[in-house]
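These protein sequences, in sequence, are chains A and B. Counting from 0, one number per residue, gives the positions in the first sequence under numbering that gives the first Met the number 0. Counting from 0, one number per residue, gives the positions in the second sequence under numbering that gives the first Met the number 0.
Calculated from the structure, these hints are not laboratory results. The reader is advised that the hints may include incorrect statements.
[Said to hold, decoys possible] Listed next, the in silico BS3-like pairs over lysine-lysine satisfying Cα-Cα at most 27 Å (straight line):
{"#": "1", "chain 1": "A", "residue 1": "Lys-514", "chain 2": "B", "residue 2": "Lys-185"}
{"#": "2", "chain 1": "B", "residue 1": "Lys-185", "chain 2": "A", "residue 2": "Lys-30"}
{"#": "3", "chain 1": "A", "residue 1": "Lys-207", "chain 2": "B", "residue 2": "Lys-185"}
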Amino acid sequence: MRLQTAKSLVLAVIAAAALLIPAPAGAAEPKVLRFAFQGELKSVDPYQINESFSLSVNGAVYEGLLRRGPDMKLQPCLATSWEVLDPLHWRFHLRHGVKFDDGEDFTADDVVFSAGRVRSAGSDLKGRIPADAKVVKVDDYTVDFLLKTPDPLLINEWETWGIFSKKWSEAHGAAEPTPMNATTPPYAALHANGTGPFILVSHEPGVKTVWKRNPNWWDKRKGNIDEVIFTPIPNAATRVAALLSGEVDWMDPVPLNDQARVNANPETKVMTGPELRTIFLGFDQFRDQLGHSNVKGKNPFKDVRVRKAFYEAINEDAINRKVMRGQATPTALMIAPSLFSLSNDFHRLPFDPAESKKLLAEAGYPDGFEVQMDCPNDRYVNDEQICQAVVGMLARVGVKIDLNAEPKSKFFAAISAAGGFDSSFYLLGWTPSTLESFNVFQYIMGCRDPKTNWGGNNVGDYCNPKVDALARSALQETDEEKRDEIFAKAWRISLMDDVGYIPLHQQALAWGVSKSTHVIQRPDNYYIFAWVTKD
Amino acid sequence: MIAFILRRLLASIGVLIAVGLIAFAMFRYVGDPVNQMVGIETSAAERAQLTHQLGLDQPAIVQAARFLINAARLNFGVSYQFKQPVADLIAARAPATLELALVASILSLAAGVPMGVYAALRRDSALTRLFQALSLIGISLPTFLIGVLMIYLFAVTLRWLPSFGRGDVVRIGWWTTGLLTVSGLKSLIMPSITLALFQMTLIMRLVRAEMLEVLRSDYIRFARARGLSERTIHFRHALKNTLIPVITVVGLQLGSIVAFSIITETVFAWPGMGQLFLQSIQNVDIPIMAAYLLLIATLFVVINFIVDLIYVLVDPRLRVHLGRA
Chain A
0 MRLQTAKSLV
10 LAVIAAAALL
20 IPAPAGAAEP
30 KVLRFAFQGE
40 LKSVDPYQIN
50 ESFSLSVNGA
60 VYEGLLRRGP
70 DMKLQPCLAT
80 SWEVLDPLHW
90 RFHLRHGVKF
100 DDGEDFTADD
110 VVFSAGRVRS
120 AGSDLKGRIP
130 ADAKVVKVDD
140 YTVDFLLKTP
150 DPLLINEWET
160 WGIFSKKWSE
170 AHGAAEPTPM
180 NATTPPYAAL
190 HANGTGPFIL
200 VSHEPGVKTV
210 WKRNPNWWDK
220 RKGNIDEVIF
230 TPIPNAATRV
240 AALLSGEVDW
250 MDPVPLNDQA
260 RVNANPETKV
270 MTGPELRTIF
280 LGFDQFRDQL
290 GHSNVKGKNP
300 FKDVRVRKAF
310 YEAINEDAIN
320 RKVMRGQATP
330 TALMIAPSLF
340 SLSNDFHRLP
350 FDPAESKKLL
360 AEAGYPDGFE
370 VQMDCPNDRY
380 VNDEQICQAV
390 VGMLARVGVK
400 IDLNAEPKSK
410 FFAAISAAGG
420 FDSSFYLLGW
430 TPSTLESFNV
440 FQYIMGCRDP
450 KTNWGGNNVG
460 DYCNPKVDAL
470 ARSALQETDE
480 EKRDEIFAKA
490 WRISLMDDVG
500 YIPLHQQALA
510 WGVSKSTHVI
520 QRPDNYYIFA
530 WVTKD
Chain B
0 MIAFILRRLL
10 ASIGVLIAVG
20 LIAFAMFRYV
30 GDPVNQMVGI
40 ETSAAERAQL
50 THQLGLDQPA
60 IVQAARFLIN
70 AARLNFGVSY
80 QFKQPVADLI
90 AARAPATLEL
100 ALVASILSLA
110 AGVPMGVYAA
120 LRRDSALTRL
130 FQALSLIGIS
140 LPTFLIGVLM
150 IYLFAVTLRW
160 LPSFGRGDVV
170 RIGWWTTGLL
180 TVSGLKSLIM
190 PSITLALFQM
200 TLIMRLVRAE
210 MLEVLRSDYI
220 RFARARGLSE
230 RTIHFRHALK
240 NTLIPVITVV
250 GLQLGSIVAF
260 SIITETVFAW
270 PGMGQLFLQS
280 IQNVDIPIMA
290 AYLLLIATLF
300 VVINFIVDLI
310 YVLVDPRLRV
320 HLGRA
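The following block holds chain A by itself, in its conformation from the complex:
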């Protein structure tokens, strides 16, 4: 007891002394990148959750066979080249001389092992490789993927399929990601061993994560960062203050209300750019009677005229101007224009309240009707305000909306399959993780089939078998241009003819950065530490 008191006294004296002695002006100070985000990093095992923040940040340690450049184009990474021997047989040639953080060599065994790990029970990234695909080691630096069905999009999400070391994982009981219901703490949730530009130093869940530069990285790095310190700062005002006061170099997101202030500060700026996420409105099109409406005995949204009337009642330009402060990009598609080569052929239906009223009257609702709208209030940029604007616009054509804005945890619980897709009219956002149209047709536009998870996020079950057939046929097409033509046909039917959804806009990214920190912004909102340079 007494000893400890003495010890703490000594420490206190040292601390007091430290107060008095100024730190020596260091020569060649290490470049430390201080990064803040609104959410926390849940695990340093990237297979744990399929969420872009976790995937991108863990990408500093774990690299995939391929990666994407600043222009989103696929580049070789741990694989130097690959060839499609036939549509069911892909061959990958691996990079020589790559070492994991623990010094072990990277070989084909690690790829085969990781292909198994990513598809094991506890993984949330099972979709990275088809379940029935076989992964075979040809030699130490060649791996074959044998598919059961052709899949031209096989490699699209491989940037975020990070390669684990077989030896390390097996030695630490991390051969499989820990099942979600595990009762013992998993090793790989706190420790990491990859091949990437940074090495994990420490991870305190929800408090702080530190990485240091990997001196043995195989690639030449674009940036000059020696250490990265990540802190979650959930409160937006505090996050902005931390940037303005120079305590963080880079933070995300900057709330729309604070962007002017961040730009007005001589040392900071907001980096904006269109995000890949599309914000849209969806309708319940499968119930015979809506769950939350005063129309009984029928479902008005089964009538395309009603859906079109809703579309034409919404003034997206006004939403962009007033709610999004001009930062959003209005869209006619359910996929970001940058991800679809024929996007210029598509235009939004005109804003036309008179026409909208006429359509409603034709459909048998001259005085409109009442329906509940479900909306998250903490998921997308100004999500609740967008919904409020929509409520006002629909009121002008006689439709009365009861707005039900909820935190995302409740919102998604209600509209998901587990909640019985319980919504009549809702706002949602979607980013196709494969960065192309098929993913949207699969999850959002496809007729729901619980067995295959086709249409798994099609809350209102918009369903047109013709669209499904087109999307599936596109997957057989290996020529990219021809594939996009097929998708264009499917988009035209589903959005222009059927008005299956009302696309609103691409929301904008808003990173707050200090002017002495140079970062590269990719539209998928990935944070790539290796590209950061500090003056």
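Assemble the complex: chain A is given as a structure, and chain B must be docked to it using the hints.
For chain B alone, coordinates are given in the frame of chain A:
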């Protein structure tokens, strides 16, 4: 006396069980934890399987019972989000919260008591008016607003103090302390003032009222009659008697300082238990929510239990009453 203690103990356990039951009855309105555990593309079948594995498809009362039985064996389960044992997560966060609460309590006492005494002795001075105005602000302005205002003044404009976090910490055994580093001490200033402000106001008002009361009592008049100096009367006789109720209130308030640090911790991104709890609500991380609520309930129950015991020991009338009952 032993019967009394036993009765109180049983009642305490009853309170904890009730807290557990109410907590689990409410968790179903927070949202679906499975949604926060998997990505948006995960299939409904996999989600359903996970719901079943976690026992989330069972009635709330069964979930609560399972949690309480495990908790009685000091097993609080594993966080859904972080995959770490909840006990470890809370233990890692507890020092931050406890240090903040302790410093805030000391601050509120160190400022509140002298202010209260001064306000009682110099009822009409300008300084007293200032204190009264300050205390009105302390009681009426919400904590998060005070916190954000201070951040903009001291961190953004003047750049004297850090706007978030705990600074560098020193590890002593399992405890981490920010009290031994410069950045740790600097980080502590704004959150502890924010958290202390309300308590300080309360203490100042309490001390002032008690002091005025005591100054009117007979023994003060006799003291004056004995010709003691004003200084001795005020600080040896009056203040001492004033402090008894103040200490009781401060003791009771310690629990609420820990519990209400949630808001302060969120504003300053202070890595304590309150921030952990708030994160767990957003993520619907039921094991953390349940363990935190139980911990706070235990804290209140223990404090009240001790206070009851002290009352009995101190006040003979209560003892007689108990003897008859």
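Restraint check for Lys-185(B) with Lys-30(A), where alpha carbons must lie at most 27 Å apart: holds (23 Å)
Next pair to validate is Lys-514(A) with Lys-185(B); report whether the Cα-Cα distance is within 27 Å. Roughly 26 Å separates the two Cα atoms, so the pair holds.
Is Lys-207(A) within 27 Å of Lys-185(B), Cα to Cα? holds (19 Å)
Violated hints are absent here; each numbered hint is respected by the structure.
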